[in-house]
Every structure is written in structure tokens, then in C-alpha cells.
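Trainee: Assemble the complex: chain A is given as a structure, and chain B must be docked to it using the hints.
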Amino acid sequence: MYRPINRRKKPDRSQLFAFSIVFLSLVLLYLPPQLQETPAYLVRATMLKPFILAQEYLIERKVHSIRVEVLQSRVDSLLMVIINQANLKEENTRIKELLGVTDKIPHHHISSNIIRPGTTGSEGLFLLNVGADQGISVSDPVILGEGLLGIVQEVQSSSAVGMDWTHFQFRASAMTQDGAVYGLVRADAGSFREADRLLIDGVPFHQELDPGAVLVTSGLGGVYPRGIPIGEISTEAESSLGWRRSYWVTPFVLPGEAVHAVVVSPNADQFNYEGLWGFSSGTGSLSRPVEEIVRSDSLAKN
Amino acid sequence: MGLKVASRVPQPFLLLIMCLVFIHLLLRLTLGFGHRTPDFFVVALLIGAKGWNQGKSSALGFLLGTLEDGFSADSFGAHAFSLSVLGLVSSRIRDIFVGDSPVFLFAYFFLGKFMREVLYWIAIGNSARDSFLYLFLPDAVLGAAYVSLVGVIVTSASNLRYGNK
Numbered sequence: 001m002y003r004p005i006n007r008r009k010k011p012d013r014s015q016l017f018a019f020s021i022v023f024l025s026l027v028l029l030y031l032p033p034q035l036q037e038t039p040a041y042l043v044r045a046t047m048l049k050p051f052i053l054a055q056e057y058l059i060e061r062k063v064h065s066i067r068v069e070v071l072q073s074r075v076d077s078l079l080m081v082i083i084n085q086a087n088l089k090e091e092n093t094r095i096k097e098l099l100g101v102t103d104k105i106p107h108h109h110i111s112s113n114i115i116r117p118g119t120t121g122s123e124g125l126f127l128l129n130v131g132a133d134q135g136i137s138v139s140d141p142v143i144l145g146e147g148l149l150g151i152v153q154e155v156q157s158s159s160a161v162g163m164d165w166t167h168f169q170f171r172a173s174a175m176t177q178d179g180a181v182y183g184l185v186r187a188d189a190g191s192f193r194e195a196d197r198l199l200i201d202g203v204p205f206h207q208e209l210d211p212g213a214v215l216v217t218s219g220l221g222g223v224y225p226r227g228i229p230i231g232e233i234s235t236e237a238e239s240s241l242g243w244r245r246s247y248w249v250t251p252f253v254l255p256g257e258a259v260h261a262v263v264v265s266p267n268a269d270q271f272n273y274e275g276l277w278g279f280s281s282g283t284g285s286l287s288r289p290v291e292e293i294v295r296s297d298s299l300a301k302n
Numbered sequence: 303m304g305l306k307v308a309s310r311v312p313q314p315f316l317l318l319i320m321c322l323v324f325i326h327l328l329l330r331l332t333l334g335f336g337h338r339t340p341d342f343f344v345v346a347l348l349i350g351a352k353g354w355n356q357g358k359s360s361a362l363g364f365l366l367g368t369l370e371d372g373f374s375a376d377s378f379g380a381h382a383f384s385l386s387v388l389g390l391v392s393s394r395i396r397d398i399f400v401g402d403s404p405v406f407l408f409a410y411f412f413l414g415k416f417m418r419e420v421l422y423w424i425a426i427g428n429s430a431r432d433s434f435l436y437l438f439l440p441d442a443v444l445g446a447a448y449v450s451l452v453g454v455i456v457t458s459a460s461n462l463r464y465g466n467k
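Protein sequence lines, in the order shown, are assigned to chains A and B. According to this note's numbering, the first sequence is numbered sequentially starting from 1. According to this note's numbering, the second sequence is numbered sequentially starting from 303.
These aren't lab readings, by the way, just hints derived from the structure by calculation. The beta-carbon is built from N, C-alpha and C at its ideal position, and this holds for glycine as well. Treat the hints loosely; a few may be bogus.
Stated by the list, open to error - Take a look, some chain A residues computed to stay more than 10 Å from chain B by CB distance:
| id | residue |
| --- | --- |
| 1 | Glu-37 |
| 2 | Ser-77 |
| 3 | Ile-82 |
| 4 | Lys-89 |
| 5 | Arg-94 |
| 6 | Gly-145 |
| 7 | Ser-173 |
| 8 | Tyr-182 |
| 9 | Arg-186 |
| 10 | Asp-201 |
| 11 | Gly-222 |
| 12 | Arg-226 |
Stated by the list, open to error - Covered stretches of chain A, going by a simulated chain B footprint (3 or more residues, C-beta under 8 Å):
| id | segment |
| --- | --- |
| 13 | 24-32 |
| 14 | 40-50 |
| 15 | 54-63 |
| 16 | 119-125 |
Same shape as in the complex, but just chain A (with noise of 0.2 Å):
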């Protein structure tokens, strides 16, 4: 109801209030990144725990309810995978005896389920529930059995929150399967969400991709392993003036249709990084000279 001027209230204590809690809200939105953790992570122990416990459950339900069929089809499929690369997994070990290539950085895989906040501002980011005391680190890949979903980027004891290849923030060092074309994948936003794609930037001009190529990851940056598939190539995007090229990805995961998910963690309490390159300490050569390779190679004994 209308009141004339001279007869509205001054400033009373709850306009004070008011304006106190407005500026509280300034102070956490002006806290530096590593601090605003902290309550975000206290609001999702707390007052949130039982929607995202229930969300949890009804995931587990949701996976638990795949029909054995499926589940019994995909052994199938993977045990003939598995016999098929018996032999080469024969030879790749003996090859790599022979040329003094040690094995690869060991990982551990840890299972977890997605859970999707939903809420404003959660765009590209999801919850896993499994944590530090599961072995998970910040950075640590998430990926799905089609390829890269995204990455770790908070965790706590029994909880983590991950980004995915939606996210603005994400990155990832790309090359072709062969190794020829280095590249940096990011994603675009497309006009919404659904439209959201892959750009790979920083081809060098004289590279050329064709539609179809499929994109793993490099393993540059030490953050994913090499060889996760990320996607295939779709179009060129842009050709800057003789300089660089960048095409649209059509990526192999999407993020919608994730409720399962395995984080790859590399086990550094039980690798040794100094044997991983097969290099001597100090002399800058390999450790096995050549001809001791060619001497230990069965095939010249013979």
C-alpha cells in the first residue's frame, strides 16, 4: 500500500541486517578460489548430504538394474577382445625386451558413480563418490569406456568433484592415433548446453585432418595418460592466415548419459620414476648400448 515520502520509515536494524548479509555475500564471492572450497565443501556435507545421498542411491539402482543380458553380452565382447590381443601382448613384451623399452606408468583404477547437482552454476561439473581415503588426487583422468569424460578437480575424504569435458575450464593435450598431429582439445559452448562441442586448436597450418580422425590423448603435461580416445575429428573450425588450424571434435563421451564412471590414478608409491625411461644417471646415454641389445636378441644368437 502506498505511503508518502515523509512518512516511510528511516533505516531501521533489519535494513541494516539487510544490508550486512549483502555484503557477506561480497566477501565470499571475492574469497580467493582455495578458500571458497572449504564452505562449498561444509554446504555439501551438510545440508545437502541427504539429497545427494539419495541421488547416490538411486544411481546405484539405476546401475544395479542394467539387464544381465547386457552385462553378460559385454564379457563376451571383452573376453574375445582379450583372447585376440594374447598374441600381441606376446610379442609387444618381447619386442620391448629387445629394445630395453621398460612398461608404461602403471595405473590404478578406481570405479565411482556420477552423481549431477542440477543446480545453477554446476554446468559441466559432477560428483563422485569416492575420495582421498579411495586414492583419488586432484587431476586424476575420468574416463568411460567410450574415452575421456573429464578430470578430478576437488576432493575430499570420501567425495570428489569433476569437471567434464563441458566445463569451461577443460583442457587436454590431443594428438592423432599415429602421433603425427599434436593439438590442444578445449570445449566450445555451443548456443546451449546440448550444442557443447570440442575444438582442437594449435595445428600447425601444414597439417592437415581428415573428418574421421580419431584423437587421443598425448600424454603431454603429465595429466592423462596417452592414449585415451577423446574424439573424432569433424570440420575444420579455422585457418588462421597460414599459421594454425582448429577443427570441431565430435567427442566419443557424453556427459548426459554418464551415471558410471572409472578415475585412472597413477600409483606413485609404487612405481619408480628413474627406471622409466631406461636412461643411465649422469652419462646422458641409453643404458643398454645397441650392440648389447642386438647380442641379447634371440634371433641374431641364431
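Mentor: Just chain B now, kept in the frame of chain A:
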């Protein structure tokens, strides 16, 4: 006089706000419907602002914003800021929207939701910000209309008469 009377909030009013908050979290967080469901936080806040003073409305906005910020890893506080300011402003201007007619209520909820989007867009920072046209021309207008529709229905269904409390 009006403010003092309005501060005495009946139990069903508080219950309605709590129900809306619960429904928001249930639909968006637990069931994962996301933006397919209306923003019940804004509906709860605007209903609360019509019955409460500026301090309580702003505090309610801050509380709801903090809940929403629980998943904002990059801009914690943006929701708290936008909703606390919305609580303050909507409580301040509630006297303009004196009627209980659907048209007045629709305008009240529409402007409230739109203002919340603008405040959030300002607070979230350049890195995470979508372009103005993409955000406001299709999304914010539709979202505001959605919230307005739900707000009018909830207000009519609850049969609350804020001016006569």
C-alpha cells in the same frame, strides 16, 4: 504498521517456503531434472519477501544462495549475492505490487526472476559468463515466465493474502 504486522509470520507461510525449498532440491539435485524444473528458490524467496522485512528476506536469500553455491566450484558466493540482493530489493518494493491479482503476481515473479539472472550474470565473473544475448533472450525470459507461472499457481493454491495478514 504494515512491516510490523507482516513480520508476524503464520506457521503455514513458513511451511510453504520450506516445502518449496525441499521441492527445489528434490527435483534439481536428487532427481537430477536440472533446469527443466522451475526455480523454486526464487518463488520461495519472493513469497517470503512479501511477508517478511528486508533483513529476514535478505537472510533467506543468503541461505538459499549458499545452498545453490554448494556446487559452484568456480564462483562461490555468486548465488548468495544475487539472492540476498533480490530478497532485499523485493522486500523493499513489495508495496508497489499491492494486488493479489494474477497479473500483478505474474509481473512480480517475472521481474524477480529476471533480476536474479542479471545479478548472477554480473557476479559470476568473466571466465564463466555466457554472452548476454545467449543468456537473456531465450533462457532468462523463458525461465522468468516459467517461474512466474509457477509462482502465481503456488500463491493462488496456498490462498495466502499477504496484505491482510
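Trainee: Hints first: check each against the structure and report whether it holds.
Mentor: Structure-based check of each hint:
1. With a least beta-carbon separation of about 7 Å from chain B, A/Glu-37 fails to lie farther than 10 Å from that chain, contradicting its non-interface assignment.
2. Taking the minimum C-beta to C-beta distance to chain B, about 29 Å, the non-interface status of A/Ser-77 holds against the 10 Å cut.
3. Interface exclusion of A/Ile-82 from chain B stands, the closest Cβ pair being 35 Å apart, more than 10 Å.
4. The claim that A/Lys-89 lies off the interface holds: its Cβ sits roughly 41 Å from the closest Cβ of chain B, which is beyond the 10 Å cut-off.
5. No beta-carbon of chain B is positioned within 10 Å of the beta-carbon of A/Arg-94; the least distance is around 47 Å.
6. In this structure A/Gly-145 is separated from chain B by more than 10 Å, as the shortest Cβ-Cβ distance comes to about 21 Å.
7. Once the 10 Å rule is applied to beta carbons, A/Ser-173 is consistent with being away from chain B; the minimum gap is 21 Å.
8. The Cβ of A/Tyr-182 sits about 26 Å from the closest Cβ of chain B, beyond the 10 Å cut-off, so the non-interface label holds.
9. Distance check for A/Arg-186 against chain B: the nearest CB is about 13 Å away, which clears 10 Å, and the non-interface claim stands.
10. No Cβ of chain B comes within 10 Å of the Cβ of A/Asp-201; the nearest lies about 17 Å off, and the non-interface call holds.
11. With a closest Cβ-Cβ approach of about 22 Å to chain B, A/Gly-222 is found to remain outside the 10 Å limit, as its non-interface label requires.
12. Interface exclusion of A/Arg-226 from chain B stands, the closest Cβ pair being 27 Å apart, more than 10 Å.
13. Counting residues of the segment 24-32 of chain A whose CB lies closer than 8 Å to any CB of chain B gives 8, so the stated coverage by that chain holds, three being the minimum.
14. Counting residues of the segment 40-50 of chain A whose CB falls under 8 Å from any CB of chain B gives 5; the rule of at least 3 is met.
15. Beta-carbon proximity to chain B at under 8 Å applies to 3 residues in the segment 54-63 of chain A; the threshold of 3 is reached and the given coverage holds.
16. Only when three residues or more bring their CB closer than 8 Å to a CB of chain B does the claim for the segment 119-125 of chain A stand; here the count is 5, and the claim holds.
The earlier numbered hint that this structure contradicts is number 1, and it is the only one.
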